[in-house]
Amino acid sequence: MTRCFLRVVLLFVLLSNFGLAQSPFDKVVQSLLQQDDARAVRISETLVAENQGSFGLFYNQGLAYRNLGQPARARASFEQALQFEPRDLSTRRRLREVKVRLSPEITQHDVAATPWWSVAEAQTALLLAALLVLGLGLARASGRTISKRPLLVAGSGFVVLLALVAYTNPPASRGVLISPTVRLLEKPQGGDKGVVVPEGILVEVLGSKGHFVEVRTRESMRGWVRAAEIVLINGEGAQVQTNTELQQEKKQP
Amino acid sequence: MRRPILLLLLLLLGQPLAAQVLGNNRVSSTLSHDQIGLDETATLSVVVKGVNDVMDVNPPTVRPSTGLQIVPVGRQVSMTSINGVTTTATQFNFLLTPLEKGRYVIDPVTVTVNGLTHETTPHRIEVTDIVSRNSSNSTNPYNPWGRYNTTSPAMDALDPFNRPRGKDFILESELEPETVYKNQPTVYNLRLMAAARLMRDPRYAPILPTGLVSVPFPQENSQQQRDGRNYSVTEARTAFFPMTEGEYEFPASEVLLSAGIFGRDQTLATEPHVLKVLPLPREDQPASFTGAVGEYFELSASLDKTRVSAGETVELRVATYSEEGNLELVPYPYLPDWQGVEKKQAKGSSKVEADNGAITSRRKYVFRLRMKEPGHYDLSGITLAYFRPSEERYEVLRAPDLTVEVLPGKATQGPESTLLEQSELPEDESPEKEEGSRTSSAGRVETVHLLSLSGIALLGLLAGLLKPGFKGPKFSWSPTHRPQDLSGLEKALSALAPGADRLAREEQLSQKGWGSAEIMDFERLKSAVAALRYGDGGREEAKVGDLLESFQSLLRRAEK
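Taken in order, these protein sequences are the chains called A and R.
All residue numbers for the first sequence refer to this note's numbering, where the first residue is 1 and numbers rise by one.
All residue numbers for the second sequence refer to this note's numbering, where the first residue is 254 and numbers rise by one.
Think of the hints as simulated: they come from the structure by calculation, not from any bench.
Some hints could be false.
[Stated by the list, open to error] Cross-link-like lysine-lysine pairs, in silico, DSS-like; alpha carbons within 30 Å at most:
(1) A:Lys148 <-> R:Lys744
(2) R:Lys617 <-> A:Lys193
(3) A:Lys27 <-> R:Lys600
Note that the structure is predicted; figures quoted are calculated from it, not measured.
The task is simple: from the sequences and hints, build the whole structure.
Below is the structure:
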């Protein structure tokens with residue numbers, strides 16, 4: 001009887017603990033509320049390394065980095081948050097703050113930023129517009145009494161939409177340079193020759209070799225930077241390639 | 254009585270003479286090279302003597318204006334004392350980077366000193382093709398051998414007497430240590446030993462590997478004996494702090510020397526080095542560790558006020574000092590989460606120095622604390638954990654405990670921060686409590702997608718705009734186009750038999766092989782179309798369809 005009672009009590013305790021257990025994300029939020037930004041960064045980096053990135057996680061990571069006085073890293077985190085919620089005004093505002101802190105002219109050096117719409121939205125809007133033009137055209141060709149005006153209006157609308165999407169279309173892979181002394185090296189190897197580029201700028205990522213990443217700036221300057229000097233903002237998954245991963249990659253043949 | 258008069262006379266005579274000399278030589282300029290390759294740089298130095306308060310010197314203009322870039326690269330102030338007479342000089346350096354081949358004229362530099370305008374002489378420089386002296390031979394304004402001793406003996410090659418011992422010039426480099434932990438300094442030492450005379454200053458491009466923070470030591474000059482010869486030794490040392498683990502390549506350093514009576518150039522090069530950077534051990538790493546690496550650290554903390562009203566801000570200053578460490582790489586010391594204390598890091602100050610063979614750094618961290626509730630606050634546990642590479646272990650420093658007395662005050666409810674603090678606080682501090690989307694949605698719309706959708710739209714436009722009947726006769730009836738309305742039908746009938754009267758049309762249709770029955774039907778159809786076109790039009794819509802069908806069937810019959 002006593003043993004049974006103890007089991008029930010143990011089960012109850014275990015269940016209650018399970019219910020009260022904090023998720024790592026909650027720990028990040030709590031750390032930020034307690035203004036322990038360093039802890040928030042530590043936990044969020046672990047979660048990102050475990051491929052558990054989410055909008056909230058990157059947003060909070062950005063806040064923590066910003067509070068720690070690391071605007072370039074904060075920018076990278078906010079940019080990654082925007083990959084999940086491109087129309088989040090709060091993230092856009094925070095991003096603007098850290099960009100101003102980095103340099104008021106930083107936008108002049110950035111490649112195309114994250115647009116306000118998602119890929120699916122842009123594709124759907126373009127598809128609908130194209131189908132509308134096609135439908136009107138075919139209907140007119142098949143003898144329906146449709147005047148030229150709606151067809152031309154639909155066609156113009158499609159062209160405007162296409163131009164807007166093409167103009168704001170970001171590169172497939174981008175990254176934020178987080179080192180204050182980064183140079184665009186000519187070759188993927190150590191060296192001291194290359195143009196110094198400002199910290200925190202958004203660059204296009206062209207490829208990687210070993211622990212070097214090839215990037216291109218808005219001014220079309222190409223070069224190699226160390227992977228540790230850049231935080232990648234991938235279109236898919238929005239993961240950060242950590243130093244540990246890079247080391248592992250390096251070890252692999 | 255005679256002495257003062259003599260002195261006065263001397264002074265009166267000497268003053269204009271001195272002024273003249275100073276006036277003539279007060280501002281001068283020198284160009285390091287009159288010919289450089291496209292991959293080289295040159296330095297223009299403007300020296301202003303006698304004063305040290307010249308604010309700035311504008312870069313000179315260059316003709317032609319494109320092709321040669323001139324940027325200021327700092328200034329040097331020097332003070333020389335000879336026989337008790339002290340001379341001050343300020344040197345402004347400009348880096349000349351060629352962009353195109355050609356001959357350029359560098360206009361005089363204008364400097365205003367004490368209201369008088371001085372001009373330097375113009376210079377000419379020729380930019381040639383890329384000089385293929387190995388990989389790197391660019392000159393640099395930060396020449397560590399700018400004041401090189403040129404009183405050494407002549408070179409071996411030009412010496413008629415064969416020197417049996419040692420080389421004239423030796424260039425050596427050392428990287429010590431070659432394996433370090435992250436944030437641990439390594440010192441790169443480049444040593445030039447010269448036992449012969451140099452015609453001009455050596456040209457040298459310092460290595461600047463990326464991913465490392467560098468702190469240069471002051472240049473050191475000394476004398477050394479080796480292989481029985483006396484050498485003038487110049488050492489340029491730089492401390493490098495690697496920011497991430499991995500391997501860093503230090504390329505070969507090269508120095509271009511110009512020696513001998515004909516100033517013949519020769520390039521000396523060192524061996525490249527590889528620096529291996531180890532990650533900091535995870536074992537026994539204190540929770541309060543924030544990245545400090547070095548041999549010796551000091552930590553102290555102080556408050557600007559120890560008694561404040563609730564809601565008022567207290568400034569906590571944490572001062573740190575390090576030897577063989579770089580505190581600029583340590584973002585903050587560890588501060589515990591004190592109950593009821595809001596803390597925010599503000600801008601502090603830092604300084605890293607490398608001198609006398611040692612690297613020291615100081616950093617002052619500033620935090621703004623705010624306690625909303627009155628009471629006695631114990632601010633203990635401020636620590637700085639650091640990794641000591643020589644011992645390969647972590648050590649923890651703890652600052653003395655601090656206390657703050659918070660009195661009940663008008664500021665209990667919060668928004669009473671100072672203006673300074675408010676300007677530093679961001680607009681929104683609240684973190685995102687919901688994880689939100691876990692799937693990336695923004696990104697690039699593929700070009701293939703854009704092109705294919707453009708193709709669809711273009712197809713629609715073409716189909717719509719090339720509609721039959723859209724452009725006059727081109728779109729009217731033809732053997733391949735069917736008439737779609739009454740007008741089209743009328744045109745189609747006219748196209749088949751354009752004759753003005755019935756007889757003429759019969760003739761035309763007969764020539765096409767039509768039978769009499771088809772011709773009769775044709776005329777009937779034409780009459781019906783005319784009646785419908787010029788009639789009342791009451792049942793027009795219904796009839797047009799019938800007539801179009803009749804026309805098609807008539808055509809089919811005629812074709813048969």
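Okay, the hints, checked on the actual structure:
no. : hint                  : verdict
1   : A:Lys148 <-> R:Lys744 : holds, 22 Å
2   : R:Lys617 <-> A:Lys193 : violated, 34 Å
3   : A:Lys27 <-> R:Lys600  : holds, 27 Å
Checked against the numbered hints above, the structure breaks only hint 2 and satisfies the rest.
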